[in-house]
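There are 2 protein chains.
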Amino acid sequence: MLWQVILMNVLTKIISMKKGLPDIKKDFSAWYTQVVNRAGLADYGPVKGTMVIKPYGYQLWENIKEIFDKMIKDSGHVNAYFPLFIPKSFLAKEAEHIEGFAKECAVVTHTRLKSDDGQGVIVDPESKLDEEIIVRPTSETVIWSMYKKWIQSHRDLPLLINQWANVVRWEMRTRLFLRTSEFLWQEGHTAHETSEEAKKETLEILEQYRCLAENYLAIPVFTGLKTESEKFAGAELTYCIEAMMGDKRALQAGTSHYLGQNFAKAFNVTFQTKDNKEEFVWATSWGVSTRLIGAVILTHGDEKGLQLPPKVAPIQVVIVPIVKNDIQIKMIEDFIEPILKELKNKKIRTHVDWSNSSPGYKFNDWEMKGVPIRMEVGPRDIEEDKVVLVRRDNKEKTVVTKTDSVNRIDMFLNEIQNNLFNKALAFRNNNTHIVSNYDDFKKVINEGGFVRCGWNGAKDTESKIKEETKATIRCIPFDENPDELKCIISGEVAKHEVIFAKAY
Amino acid sequence: MLWQVILMNVLTKIISMKKGLPDIKKDFSAWYTQVVNRAGLADYGPVKGTMVIKPYGYQLWENIKEIFDKMIKDSGHVNAYFPLFIPKSFLAKEAEHIEGFAKECAVVTHTRLKSDDGQGVIVDPESKLDEEIIVRPTSETVIWSMYKKWIQSHRDLPLLINQWANVVRWEMRTRLFLRTSEFLWQEGHTAHETSEEAKKETLEILEQYRCLAENYLAIPVFTGLKTESEKFAGAELTYCIEAMMGDKRALQAGTSHYLGQNFAKAFNVTFQTKDNKEEFVWATSWGVSTRLIGAVILTHGDEKGLQLPPKVAPIQVVIVPIVKNDIQIKMIEDFIEPILKELKNKKIRTHVDWSNSSPGYKFNDWEMKGVPIRMEVGPRDIEEDKVVLVRRDNKEKTVVTKTDSVNRIDMFLNEIQNNLFNKALAFRNNNTHIVSNYDDFKKVINEGGFVRCGWNGAKDTESKIKEETKATIRCIPFDENPDELKCIISGEVAKHEVIFAKAY
Numbered sequence: 001m002l003w004q005v006i007l008m009n010v011l012t013k014i015i016s017m018k019k020g021l022p023d024i025k026k027d028f029s030a031w032y033t034q035v036v037n038r039a040g041l042a043d044y045g046p047v048k049g050t051m052v053i054k055p056y057g058y059q060l061w062e063n064i065k066e067i068f069d070k071m072i073k074d075s076g077h078v079n080a081y082f083p084l085f086i087p088k089s090f091l092a093k094e095a096e097h098i099e100g101f102a103k104e105c106a107v108v109t110h111t112r113l114k115s116d117d118g119q120g121v122i123v124d125p126e127s128k129l130d131e132e133i134i135v136r137p138t139s140e141t142v143i144w145s146m147y148k149k150w151i152q153s154h155r156d157l158p159l160l161i162n163q164w165a166n167v168v169r170w171e172m173r174t175r176l177f178l179r180t181s182e183f184l185w186q187e188g189h190t191a192h193e194t195s196e197e198a199k200k201e202t203l204e205i206l207e208q209y210r211c212l213a214e215n216y217l218a219i220p221v222f223t224g225l226k227t228e229s230e231k232f233a234g235a236e237l238t239y240c241i242e243a244m245m246g247d248k249r250a251l252q253a254g255t256s257h258y259l260g261q262n263f264a265k266a267f268n269v270t271f272q273t274k275d276n277k278e279e280f281v282w283a284t285s286w287g288v289s290t291r292l293i294g295a296v297i298l299t300h301g302d303e304k305g306l307q308l309p310p311k312v313a314p315i316q317v318v319i320v321p322i323v324k325n326d327i328q329i330k331m332i333e334d335f336i337e338p339i340l341k342e343l344k345n346k347k348i349r350t351h352v353d354w355s356n357s358s359p360g361y362k363f364n365d366w367e368m369k370g371v372p373i374r375m376e377v378g379p380r381d382i383e384e385d386k387v388v389l390v391r392r393d394n395k396e397k398t399v400v401t402k403t404d405s406v407n408r409i410d411m412f413l414n415e416i417q418n419n420l421f422n423k424a425l426a427f428r429n430n431n432t433h434i435v436s437n438y439d440d441f442k443k444v445i446n447e448g449g450f451v452r453c454g455w456n457g458a459k460d461t462e463s464k465i466k467e468e469t470k471a472t473i474r475c476i477p478f479d480e481n482p483d484e485l486k487c488i489i490s491g492e493v494a495k496h497e498v499i500f501a502k503a504y
Numbered sequence: 001m002l003w004q005v006i007l008m009n010v011l012t013k014i015i016s017m018k019k020g021l022p023d024i025k026k027d028f029s030a031w032y033t034q035v036v037n038r039a040g041l042a043d044y045g046p047v048k049g050t051m052v053i054k055p056y057g058y059q060l061w062e063n064i065k066e067i068f069d070k071m072i073k074d075s076g077h078v079n080a081y082f083p084l085f086i087p088k089s090f091l092a093k094e095a096e097h098i099e100g101f102a103k104e105c106a107v108v109t110h111t112r113l114k115s116d117d118g119q120g121v122i123v124d125p126e127s128k129l130d131e132e133i134i135v136r137p138t139s140e141t142v143i144w145s146m147y148k149k150w151i152q153s154h155r156d157l158p159l160l161i162n163q164w165a166n167v168v169r170w171e172m173r174t175r176l177f178l179r180t181s182e183f184l185w186q187e188g189h190t191a192h193e194t195s196e197e198a199k200k201e202t203l204e205i206l207e208q209y210r211c212l213a214e215n216y217l218a219i220p221v222f223t224g225l226k227t228e229s230e231k232f233a234g235a236e237l238t239y240c241i242e243a244m245m246g247d248k249r250a251l252q253a254g255t256s257h258y259l260g261q262n263f264a265k266a267f268n269v270t271f272q273t274k275d276n277k278e279e280f281v282w283a284t285s286w287g288v289s290t291r292l293i294g295a296v297i298l299t300h301g302d303e304k305g306l307q308l309p310p311k312v313a314p315i316q317v318v319i320v321p322i323v324k325n326d327i328q329i330k331m332i333e334d335f336i337e338p339i340l341k342e343l344k345n346k347k348i349r350t351h352v353d354w355s356n357s358s359p360g361y362k363f364n365d366w367e368m369k370g371v372p373i374r375m376e377v378g379p380r381d382i383e384e385d386k387v388v389l390v391r392r393d394n395k396e397k398t399v400v401t402k403t404d405s406v407n408r409i410d411m412f413l414n415e416i417q418n419n420l421f422n423k424a425l426a427f428r429n430n431n432t433h434i435v436s437n438y439d440d441f442k443k444v445i446n447e448g449g450f451v452r453c454g455w456n457g458a459k460d461t462e463s464k465i466k467e468e469t470k471a472t473i474r475c476i477p478f479d480e481n482p483d484e485l486k487c488i489i490s491g492e493v494a495k496h497e498v499i500f501a502k503a504y
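As you go down the protein sequences, you meet chains A and B in turn. Position 426 of the first sequence, counting from 1, maps to 426 under our numbering, and the rest follow consecutively. Position 95 of the second sequence, counting from 1, maps to 95 under our numbering, and the rest follow consecutively.
Hints were generated in silico from the structure; no laboratory data involved. Treat the hints loosely; a few may be bogus.
Here are the computed lysine to any residue pairs in the SDA-like style, where the Cα-Cα straight-line distance is at most 20 Å [to be verified]:
#  : chain 1 : residue 1 : chain 2 : residue 2
1  : B       : Lys442    : B       : Glu492
2  : A       : Lys248    : A       : Glu468
3  : B       : Lys65     : B       : Leu160
4  : B       : Lys88     : A       : Leu129
5  : B       : Lys103    : A       : Asp117
6  : B       : Lys103    : A       : Asp130
7  : B       : Lys65     : B       : Asn166
8  : B       : Lys73     : A       : Val352
9  : B       : Lys346    : B       : Asn414
10 : A       : Lys128    : B       : Arg173
11 : B       : Lys73     : A       : Glu62
12 : B       : Lys88     : A       : Ile122
13 : A       : Lys265    : A       : Phe280
14 : A       : Lys65     : B       : Asp69
15 : B       : Lys362    : B       : Gly20
Take these sequences, add in the hints, and give me the full structure.
Now the structure itself:
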């Protein structure tokens, strides 16, 4: 029985390895699912739509977290932790906010289980709560209820707080990393004396998100403003970074909201100004989530699987020893020891794969996992005092002397980081089309790509286009130039130049 | 109206500062509450029993986290993330486990809100879940349901996974950091080929907990085994670190469980052994939580407030400039600039308090916050090229030359770290009594302290003592010596030497 199961497992594994991934050009969606699975990034949990982030995927998240945590701390923010649970009434205090989140809330109603003869364990009806509790979908309401206690005077401002936390939004159609019922994120919540200062904060954080995406994840992004219908429920203005995925669809990778005084008014948070007046506090909130991992996969992945930007890759170099017997193992161990030491000194994240699989299996496996550089070392290499370096991005093999190897790796890591960004940038630019009539618009949207065009600024044209083409306005980019443009559908004078695309 | 509120706030602050803390010797409990509040560590959230960890408290947690995260990674563990939500049926799969957690579970039953004319927002009855979901009180069940998928062969073992997460246990009587409905922790869950290996892991982690408590938090601990009635619901053996708080009560600061095959059997997790047999997997789990912050406060605090061990203190040195005018500010800025640079190079966490309060107010405030060293700098010090260092632990003032200051700080930080530990150790030893008759036992327990004595190993004696004195067996210490001891209550031959105390 056990043997059959194991045999089946091994066979399935071999067949699936042989079979390769689904064709990335024909079935991007199946390709994505397989890569997440085979690279060991994540898995579904037992409750529908929940996600288990496996160690390899979690290390990637830890690396992203560490980079961004440093950025916000360097710019004066501090971390704190607010409760998971929010009273139902709090969520309802801001009208647009509750409207936006009501349909996807996990609601806690009881606090005890009890055993029931025959039925096993049941919820104890006597433990019913007077007021239901919502598992946070985002923390504006619980945080502003605390700010009410903490803010009295202009001396208490600005308050620049961030938290790393899990949030829950009940989703029907889920996708690992991209849309799950629970996900991990950071959410910043700041309070300011003036509208100007809050707006400045919103944009400074957006710039940090751009930097994180482009300089670390190697994902080029458009930065800009969301339209009224696409903005965060409770915000005055929502700014975003928008990226193009490998299937030419858009992915919203981070948002930064100027909240005006909406939450301050909902929770009656006022402060004494410098000239002794009482005023409502001005606010921002902003977040990026484990969705960024999805963005990395969808931006850089190829027919061989994942490709990780070196700056966030859990393993930057994998060493695959080519060995036939124990004597060779010892030889290779001795040979690579100084290389490993040097790599460690340079803080290059390295793994040596001494597992029992064949070299060919290992090559495929580490390519699937997107490790930027593979180093091959065999007995013949040792004789010649050389190693083989293989780049994941362009598949180039380079034979280098042992002495040169670490410097070469260092150089390659930089080149790969830049190369991934430049490739993604070229891809996005090649697939972003300036279009001036609706037929061309539909053609681009159908075939895949971003459209830059004029829009009259009206909700009805936006929703009509969405209905007819499934494309939404991803953002009004900062570098828009609406002069002389016409609205792509109504032909009226354009109010904005916008970016349209089908989105995740 | 606003003015009145602010005036009241200021007055309350002044009065409470003047009034000082509640007497630590007479009302330890009120003292604790006030310290947590005034040091800015935490606050209660809006839902009963939930906790907001404020930035200063959270930095402390981040420092503890970073230290322990490194320890477990260095010993081969990896982090991952498992879902917050557990199907009710999963929790019930291990009989003792559900028995232990049934009475404190937050239960999710619905997934939508809707607006109801007149009543505001209500839970949408149509969104009722078929199977209720439990918010994790601990993650054994959800993790072992995944291990079922991930473990087939001995080659998949050991699996050494940890997660940093929030968990929920519905508590009636809550206390910030010590007992809250939601808290933060790490939970390790490992899977092994043999019972021996799992037991070894359990003890290795316990040793890491001891190291964390003693070498970083400066809290001396007893290490040992829990009795049957005090062990974790679902464990075969529970080991613990137990510390003595300032009121001579015990606090369980960390536990490491040997789970045998209990969860493997509940979730049918078997593996193919090296000699091709099918066997259930052996397991451990272990955790420490934000409770450790409570332990730090309760161990080291004094009549002036918090005392933080330098190794985890968010601020190790606070610089208080003594200034009367703008010219002096500039002088002091120039004077301390090279000191700040040197402190930064040595990675000593420093804060300069330029706020508007009086020096006296600042001294009290930073003592309340437990900062190990205060540096005072005034115009006269500048003239003499000196600074004043004041230690939080022994209140000693030292005048040192500017050149010597950083080395002196470095030395003092080490001394303070050791001093806090040694003081706590002496206190614990002085209040741990070897006792051989029940009258003396009751006297010690009543007056406060730990008792070391013989116990016959029976549940009924243990529960009788608990009933009569409120003391519980904190652990069977590793260094027990039951030979020639008699059971403290029954007079029978002792099976174990144990440590009794009233506990948090």
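Evaluated hints:
no., hint, result
1, Lys442/B to Glu492/B, "holds (18 Å)"
2, Lys248/A to Glu468/A, "holds (19 Å)"
3, Lys65/B to Leu160/B, "holds (18 Å)"
4, Lys88/B to Leu129/A, "holds (18 Å)"
5, Lys103/B to Asp117/A, "holds (17 Å)"
6, Lys103/B to Asp130/A, "holds (17 Å)"
7, Lys65/B to Asn166/B, "holds (13 Å)"
8, Lys73/B to Val352/A, "holds (17 Å)"
9, Lys346/B to Asn414/B, "holds (13 Å)"
10, Lys128/A to Arg173/B, "holds (18 Å)"
11, Lys73/B to Glu62/A, "holds (13 Å)"
12, Lys88/B to Ile122/A, "holds (8 Å)"
13, Lys265/A to Phe280/A, "holds (7 Å)"
14, Lys65/A to Asp69/B, "holds (15 Å)"
15, Lys362/B to Gly20/B, "holds (14 Å)"
In this structure, none of the earlier numbered hints is contradicted; all agree with it.
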